[in-house]
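Starting from the structure of chain A, add chain B where the hints point.
Residue numbers (the working numbering), protein chains in the order written: chain A, 1 to 666; chain B, 1001 to 1284.
Any given hint could turn out to be false.
[As the list claims (entries may be wrong)] Subject to a maximum C-alpha distance of 30 angstroms in a straight line, what follows is the list of computed DSSO-like cross-link-like pairs (lysine-lysine):
1. B:K1048 - B:K1211
2. B:K1048 - A:K626
3. A:K626 - B:K1102
[Said to hold, decoys possible] In silico contact screen, one side only, chain B against chain A (beta carbon under 7 angstroms); selected entries:
4. P1082
5. L1108
6. L1138
7. V1148
8. A1151
9. T1196
10. G1199
11. R1200
12. D1206
13. G1212
14. N1267
Read the hints as simulated data drawn from the structure, not as lab findings.
Using N, Cα and C, we set each Cβ at its ideal position, and we do this for glycine too.
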Amino acid sequence: MEYGTFARAWADPIVAGQQVGRTRLSFRHSPLPRAAKSSTMRVPESPNRCVCSHPPVASSLHAALAVAMRRTHDRLHRCRPFVGAGLLGALAFLTAPLSAQAEPPQGTDFTIQYWTTKADGSRGRQMTANDLRGYVNKARCECGQAVSARVRLQAPEARDSVPVRTYVGNRCDDGETFNNGQARPCVLAVNDFTNTYTRNVDFEFNPLWLATGVEPGSPRDPESAIAAQPCSTQTGDGGIWICVENGDQTDCQAAEFVVTGQQTEVTDADGNTPSLTYDFLPPTINATNFRAQGGDGSVVIKWDNTTTSDIQGYRALCANLDGTPVEGKGFNLPSVTAQNNGTIYYTAANLCPEGPFDQVDVTDDPDPIDDSDTGLDSDTDTDTDGDFGSTGAAGLGAQPSVAHGGMSDCCAAGSCSDNTCFAAVATVEGSCANDWTEQCAALALDYCEMCGGEGNCCAENTSPSCYDQACTVAVCSDDAFAYCCADRWDAACANRAKDGTCDVCDAGTTGSMGTGTDATTGSQADSSDSGSGSGSDSGSGTDTEGLDSSGIESLDWAYVCSDFIAANASTARINGLVNDQDYQVLLVAFDYAGNPVAASEVFTATPRETTDLWEQCDAQGELCGKGGFCNCTSGPSPDGTGWLLFTGLLGMLARRRRRSDARRAA
Amino acid sequence: MNGAGLLAAALLAEPAAQPSAEPPPGTPSEEAIARQNTIDFNGPRRDKFGRPGSPQRFAFEIKLGPYLPDVDRDYEGEGYGPYATLFGETDGEGVVNDAPKKAVMPVLGFDWQFYYVGGPIGLGTQVAFFRDKAAAILTNPTDEDETVRSAADSVTFTMLPVSALVSYRFELLADRYKVPLVPYAEAGATYAFWWTRDGRRNIARDDDGDKGAGGVWGFTLNAGMMLRLDFIERGTAKKMDQTTGINHAYLFGEFSYSRLDNFGIGNTISLGDATWFAGLGIEF
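So that you can see chain A by itself, here it is in the shape it has in the complex (with noise of 0.2 angstroms):
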């Protein structure tokens, strides 16, 4: 460190103390129990941070000065014991010198490794490049299961005591200069000197921070932040963020970044090394010409699979009509912590039955991210609120809701200024990333919270309301339903909207049982529809009105009716049904990560008992005789035409053969 920086750091408590401490709150000993706020950070190997005791050896003198300096500044009145904190200042200015060769962190002399966490927030397992990929998935989100990290400073050689901040998120250089409008600050996991990470530095942050900051004007801290967005439909790739200072400035600038979110200690087969994804998006569903037919036993549900997507895989469901679970189907939840491989999939309400394990706060900004603001605040290095760490987001504390001047453009034809809205619609329809049409504006109503709403009114979505006006008034009108308005727009108030509350529900579907997609599918179900039509088949399968199909559109496992079916795959079967019985069928996709949409409507369909030829040839006089591999032992037939054929060759055979060995003989 330099002087100077050292200096500051003595005669700033923002650098000194105030971050120290808060800190210091979120240490804890391992192991960690569940945390009632799983954001938090541990270091198992510190046993404590008392700052009585001496200063630790570290591994330069003046590096330790700069440790026990500032815990003394922290707590002086304290340590009684301990020398003054001018006195350690002036050893600090005499050691200068000898310290200046020492350099500040690098990038590679951090190890990051992340953990999944059980339902009791203990750490699960090490992820792999598989987990890496595909764990963080919405239903993780929306549980708010954390992601246990560990991070490690392991330098060949010593380090500068410098600041070292450990952020959260995505694009997080751009957060904390604020230089992009669309980037909110990263949370603010671990803050503390280069010798507290030569430990391990082990904390968990909530899934949601890797796709989304802080809301200008909250703390900074996992606990206690407000998160920018809620888990919605993010997309890409976050991770740990660190910034080493430099001494500059007293907040962190994007070339201090030396860790940028990608670093992890896992490659895959490949040699790869995979970042920690986070994926909030369910697949589209490209696929069309859904029907289903019952079969002998069984429904069959099949499709026209034209295009590929993200979709990695599907499950059929099924249900009685009544809408329970049919017996002897169903699978087990899905572990916590189970690694998916892309066959298995979550919704929060089977990840976390009992509410989610932890939450965040999050803005009740409509637009927490405002497109026309530039980022630029006059007040952002000034920094008087002394909260270190955090000069971005104190600059903006004087409007800690930065209001939004209406619809965004996103929402209408022409063009979408809104990345996080434009990403979400163009993955749904690439061609929204050339052409901002009418149907990318329709779609950015149910993927794009500027739009007035995050969710399909004709399914059960997770956000209070849904994104269209007219019906969100007229369900809601509805004292039992207000709470659709309020709270969240579940199964009930979808199926209010469907029952003829809601002329959008009405619209571009097939059958009364038409409208059971989910929030993130009301475009695929117009692809569906657009199609060759959606329906039962044959008479087999008929749409029922005044079913309950609440149960099946949960996509709850206990209405999982098959194993899982490869993306490319363009029908599925659901056996082990009775013959005779109406059964509701639905077809759920799901993308790597595990997230899952409905990709087909709720059918009913009713399995026909069928003949095959075995039995066909049993009922017309066994005329295919008998099974089996060695049926030889009943007597002849009356035809034995063909064993004395049979017999006659054989012998002729033998006989030329005695008379070519007579010649030869001869």
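This is chain B only, laid out in the frame that chain A set:
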């Protein structure tokens, strides 16, 4: 010239006529010349039976032909037998109105030619594959059903006949007189594995629980004519023999008669047929 003159001339000429001790560079060794002399430059290379070309021991053939197992052979009732009822031609309502069409059956054959009497006698095997598929019949169709067939279920019948055959190919005319036709005949025993699947894609079972799968013995007789393709480009054929060891290539057609009903013993399914095949074959 007198005698003294001749002697003198011979003495003078001797050093020039005498060969040097070391042969000039590039001169073949005696061993090489001896090896070269084993090659018969006067006629084509022949095997131990006198046939030109490299030794000929094996034959391989692939053939295709229409096939329909004669499952309904013993059916004497009205209408169609069980096989035709399932796999026959149907009208718009799924009702059978014609006998089933034959399906294409591929066959692979391999021969070991161990003796030559005007042509190779061989022991070989051939494996065929047959599969038929049709929409399952609704057991209890109703008036509301537009068809008696299930839209979801299909039933299949599959057989895999494996034969051990003795073969004879009369190649004398082709070998000696360049007549490109080779008549042949094969005969032997056949065991045909078979199975049928129900609409649930399981092996079918009847009401007694008996599986619709098994195997039946029988025999197969093949007789046909092969067209030796060497005449198209004899030079190329010889070159192929020299470089790959393939003596001859054939285009052939045959009549095949198979009787697969356990030689009439017991109550078994009948899977034989009388049909024809065409294919390609090589001898090597």
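Verification of the supplied hints:
The straight-line distance between the Cα atoms of K1048 of chain B and K1211 of chain B is roughly 53 angstroms, outside the 30 angstroms bound, and the hint therefore fails. Under the criterion of a C-alpha separation no larger than 30 angstroms, the hint pairing K1048 of chain B with K626 of chain A is inconsistent with the structure, at around 51 angstroms. Using a Cα cut-off of 30 angstroms, the hinted pair K626 of chain A and K1102 of chain B holds, with the two alpha carbons roughly 24 angstroms apart. Checking P1082 of chain B against chain A by beta carbon gives a least distance of about 4 angstroms; that is within 7 angstroms, so the hint holds.
At a threshold of 7 angstroms, the smallest CB-CB gap from L1108 of chain B to chain A is about 22 angstroms, leaving the interface hint violated. At about 6 angstroms, the closest approach between the beta carbon of L1138 of chain B and any beta carbon in chain A falls short of 7 angstroms, and the interface hint on this residue holds. Interface hint at V1148 of chain B: violated, since its Cβ lies 10 angstroms from the closest Cβ of chain A, which is beyond the 7 angstroms cut-off. The closest approach between the C-beta of A1151 of chain B and any C-beta of chain A is roughly 4 angstroms, which is under the 7 angstroms cut-off, so the hint is satisfied.
The closest approach between the C-beta of T1196 of chain B and any C-beta of chain A is roughly 5 angstroms, which is under the 7 angstroms cut-off, so the hint is satisfied. Because the smallest distance between the Cβ of G1199 of chain B and any Cβ of chain A comes to about 4 angstroms, under 7 angstroms, the interface hint for this residue holds. Nearest Cβ of chain A to the Cβ of R1200 of chain B: about 6 angstroms, under the 7 angstroms cut. The hint holds. The beta carbon of D1206 of chain B comes within 4 angstroms of a beta carbon in chain A, closer than 7 angstroms, and the hint placing it at the interface holds.
Here the hint on G1212 of chain B is kept, as its CB sits about 3 angstroms from the closest CB of chain A, short of 7 angstroms. A hinted interface residue such as N1267 of chain B counts as satisfied when its beta carbon comes closer than 7 angstroms to some beta carbon of chain A; here the least separation is about 4 angstroms, so the hint holds.
In this structure, the hints that do not hold are numbers 1, 2, 5 and 7, in rising order.
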